[in-house]
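Visitor: What follows is each chain in one-letter form.
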Amino acid sequence: NAGVMQNPRHLVRRRGQEARLRCSPMKGHSHVYWYRQLPEEGLKFMVYLQKENIIDESGMPKERFSAEFPKEGPSILRIQQVVRGDSAAYFCASSPPTTAGTGSFNEQFFGPGTRLTVL
Amino acid sequence: SQQGEEDPQALSIQEGENATMNCSYKTSINNLQWYRQNSGRGLVHLILIRSNEREKHSGRLRVTLDTSKKSSSLLITASRAADTASYFCATGSGGSNYKLTFGKGTLLTVNP
Numbered sequence: 002n003a004g005v006m007q008n009p010r011h012l013v014r015r016r017g018q019e020a021r022l023r024c025s026p027m028k029g030h031s032h033v034y035w036y037r038q039l040p041e042e043g044l045k046f047m048v049y050l051q052k053e054n055i056i057d058e059s060g061m062p063k064e065r066f067s068a069e070f071p072k073e074g075p076s077i078l079r080i081q082q083v084v085r086g087d088s089a090a091y092f093c094a095s096s097p098p099t100t101a102g103t104g105s106f107n108e109q110f111f112g113p114g115t116r117l118t119v120l
Numbered sequence: 033s034q035q036g037e038e039d040p041q042a043l044s045i046q047e048g049e050n051a052t053m054n055c056s057y058k059t060s061i062n063n064l065q066w067y068r069q070n071s072g073r074g075l076v077h078l079i080l081i082r083s084n085e086r087e088k089h090s091g092r093l094r095v096t097l098d099t100s101k102k103s104s105s106l107l108i109t110a111s112r113a114a115d116t117a118s119y120f121c122a123t124g125s126g127g128s129n130y131k132l133t134f135g136k137g138t139l140l141t142v143n144p
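Top line first, the protein sequences correspond to chains C and V.
Counting from 2, one number per residue, gives the positions in the first sequence under my numbering.
Counting from 33, one number per residue, gives the positions in the second sequence under my numbering.
If you are wondering where the hints come from, they were derived from the structure by calculation, not from laboratory data.
Just to be clear, a hint being listed does not mean it is correct.
Over 10 angstroms on every C-beta distance to chain C, these chain V residues come out as not near it, computed from the model [said to hold, decoys possible]:
#	residue
1	D39
2	P40
3	L43
4	E47
5	E87
6	R92
7	L93
8	T96
9	S100
10	S105
11	A117
Subject to a maximum C-alpha distance of 25 angstroms in a straight line, what follows is the list of computed DSS-like cross-link-like pairs (lysine-lysine) [claimed, not checked]:
#	chain 1	residue 1	chain 2	residue 2
12	V	K58	C	K45
13	V	K102	C	K45
14	C	K63	V	K101
15	V	K101	C	K28
16	C	K52	V	K131
17	C	K45	V	K131
18	C	K45	V	K101
19	C	K72	V	K131
Heads up, the beta-carbon is just placed ideally off N, CA and C, and yes, glycines get one too.
So here's chain C without its partners, still in its complex pose:
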């Protein structure tokens, strides 16, 4: 069973260009999460998606960033008109369908990340 796959692993863009980051969850996982890690920082939650639904995008910047998880195909994190401050590592994680209860926890399995560099 392949783990979470992300591509590209490294992406270089010039200011003003668009960046598209892809994430294929583990087989059987229907939940996808995106996190951003700035240099020397911990990961910051961005968005939580299920198939064709955005569940929580409270960590996403209001402008230029969007995410989707279509019925077929990988989840996409899209950054329009990139700026230097967008340079970071973007990690995707996936988990199986949620179990009920406030004390429940579904382990998130992380991909290797995409390192975005904006020149």
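Model the placement of chain V on the given structure of chain C, informed by the hints.
Guide: Relative to chain C, chain V alone:
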């Protein structure tokens, strides 16, 4: 400061020694997790401890949780060079605790 802050920021030890990392958090939690990140790689889940647990073991790992002090510690015994990595604690919020909040991590270097 943010939820889930680890200290020390960096720790350098010799192979065979024990390594202890601490994590403090601010709000009430249902559980706390520890992750490892090798340089340039994704995160690997190490261990989860629930709020009603005080200690948990997994192989050479021992995690403690003190909810009264809002702190946790990760002990790695008999360290190996392969343990060299950054270690993060994370707390969950949201239904099923999906929204993980990470600290800045502790960079552990184990010298052979």
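Visitor: Please go over all the hints and tell whether each is borne out by the structure.
Guide: Each hint tested on the structure:
no.	hint	in the structure
1	D39	holds (13 angstroms)
2	P40	holds (14 angstroms)
3	L43	holds (16 angstroms)
4	E47	holds (26 angstroms)
5	E87	holds (18 angstroms)
6	R92	holds (20 angstroms)
7	L93	holds (15 angstroms)
8	T96	holds (18 angstroms)
9	S100	holds (19 angstroms)
10	S105	holds (17 angstroms)
11	A117	holds (13 angstroms)
12	K58(V) x K45(C)	holds (16 angstroms)
13	K102(V) x K45(C)	holds (20 angstroms)
14	K63(C) x K101(V)	violated (35 angstroms)
15	K101(V) x K28(C)	violated (39 angstroms)
16	K52(C) x K131(V)	holds (17 angstroms)
17	K45(C) x K131(V)	holds (9 angstroms)
18	K45(C) x K101(V)	holds (24 angstroms)
19	K72(C) x K131(V)	holds (23 angstroms)
Taken one by one, the earlier hints fail for this structure at numbers 14 and 15, listed in ascending order.
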